[in-house]
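> Hey, can you work out the whole structure from these sequences and the hints?
Here the protein sequences come in this chain order: G and X.
Going by the working numbering, the residue at position 15 of the first sequence is 15; the numbering climbs one at a time, nothing skipped.
Going by the working numbering, the residue at position 89 of the second sequence is 1089; the numbering climbs one at a time, nothing skipped.
Just so you know, the hints here were simulated from the structure itself, not pulled from any lab data.
Check before you lean on any hint, since a few could be wrong.
Here are the in silico distance ranges between beta carbons for each label pair [what the hints assert, rightly or not]: (1) X:Lys1129 x G:Ala86: 19 to 27 angstroms; (2) X:Pro1241 x G:Ala86: 18 to 26 angstroms; (3) X:Glu1008 x G:Arg80: 32 to 40 angstroms; (4) G:Asp24 x X:Glu1008: 24 to 32 angstroms.
Quick list of in silico lysine to aspartate or glutamate cross-link-like pairs, EDC-like style, CA-CA up to 20 angstroms [stated by the list, open to error]: (5) G:Lys104 x G:Glu69; (6) G:Lys104 x G:Asp60; (7) X:Lys1129 x X:Asp1258; (8) G:Lys104 x X:Glu1172; (9) G:Lys104 x X:Asp1274; (10) G:Lys70 x G:Glu59; (11) G:Lys70 x X:Asp1173; (12) X:Lys1002 x X:Asp1173; (13) X:Lys1015 x X:Asp1195; (14) X:Lys1002 x X:Asp1195; (15) X:Lys1129 x X:Asp1235; (16) G:Lys104 x X:Asp1235; (17) X:Lys1002 x X:Glu1172; (18) G:Lys70 x X:Asp1199; (19) G:Lys104 x X:Glu1277.
Covered, in the sense of this in silico footprint (three residues per stretch, anywhere, with C-beta under 8 angstroms from a C-beta of chain X), are these stretches of chain G [unchecked claim]: (20) 28–40; (21) 48–54; (22) 80–89.
Here a beta-carbon is modelled for each residue, glycine too, at the ideal position from N, C-alpha and C.
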Amino acid sequence: MNTALMQPLEGTLPGAVLAAPVTDAAGTVLLPAGLSLTAAHLESLQRRGIGMLAISPPEDPEALARQHEKIRARVMYLFRHTADEAGSQALLHAVLAFRQASGK
Amino acid sequence: MKPPSLDEMIGQVQKLPAMPAVAVEVLQSMAGADIDIDTLARHITQDQVITARVLRVANSPFYGLQSRVGSIHDAIMVVGLSAIRSLVLAASVMSGLPAIRSPGFSQNRFWRHVLGTAVAAQALARPLKRAPEALFLAGLLHDIGRLAMLVLYPGDFATVLGIAAARDCRLEDAERSHFGYDHSEVGAALARRWDFPADIVDALAWHHRPAQGMPGGLAGIIHYADAIAHALDLDQDGEQPGQMPSLDQDAVSALGLDWDSLNAVLAETRARFDSYEPLLG
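The structure is reproduced here in structure tokens:
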């Protein structure tokens, strides 16, 4: 099993993957484990005063590409009757990006 | 044999069990401004099944505690008062309805989906500036009519499952095809029997047709939360089929979610679902 690295938020780059959920002082979960952080996530965590993050070691790019393709196929299957509907567009694109980034 | 009319179905719904006492007390405590943790903990502890489910969540690896949480009072300290009330509501609704065995219907998958919809609705509360408790409850109950139909008329519901599989259509479309109505109407009748507030009844009645719900009500939010739960596959307990509901463009536009807000909602939904999952056993 890979060991998580504790590192400061400052210096963490977009694309880093959370090894553990990020919680605020009250214990409320802000971001789930497995999420690939975007610049928007990092800015949001900075605003909330989060100092340290548990980050997973980097993954094999080929394994990552296979995982992304598997997730894309699953999401497109779910949207097989609705992908062209106007009301579905934002959710389809956001879910695809989120699921590929989080690996779930 | 002819399927039951809506009036016959609603007549039968009146025979289903009443809302569990603990859930009623938690709902009342939500309405009050004063929150007494000791009193709430005492009410919850009266129901052993609910207590056990809630403690399972507090003791899950998600919270990463070094020592075991043994009391509801301590669990409130670990997961927070607001989350405890949501968990108790979910646990009491799940344990208050009869267990169902029906070929082609996974009860586990049903509860996973409604819990997922409840947490998605709760996550939508923040950007939409709405009260999270009512949205959680509406999400939790949004498909309860389906469970009632299945309990009351298992033979007819088996036909519905067969239609959905054969036509690759949504379950609610198959319900309408067989019964002439769907679980939304039955769920609203059950919520009225349980004396839920009008906004919850409205959300259950119109979550598939939000344009017909009351203006500014919860139906449009539950409509989207239901879709989020499907899109994140929160109901999956293995590799299973599934499909997205059709989304009402006007209802989606009315929510006014930008890309960042929608992403934050997806992340919060996933995280909260993972933390509540041990509730399902």
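> Where does the structure disagree with the numbered hints, that is, which hint numbers, in rising order?
Failing hints, ascending: 4, 8, 11, 14, 15, 18 and 21.
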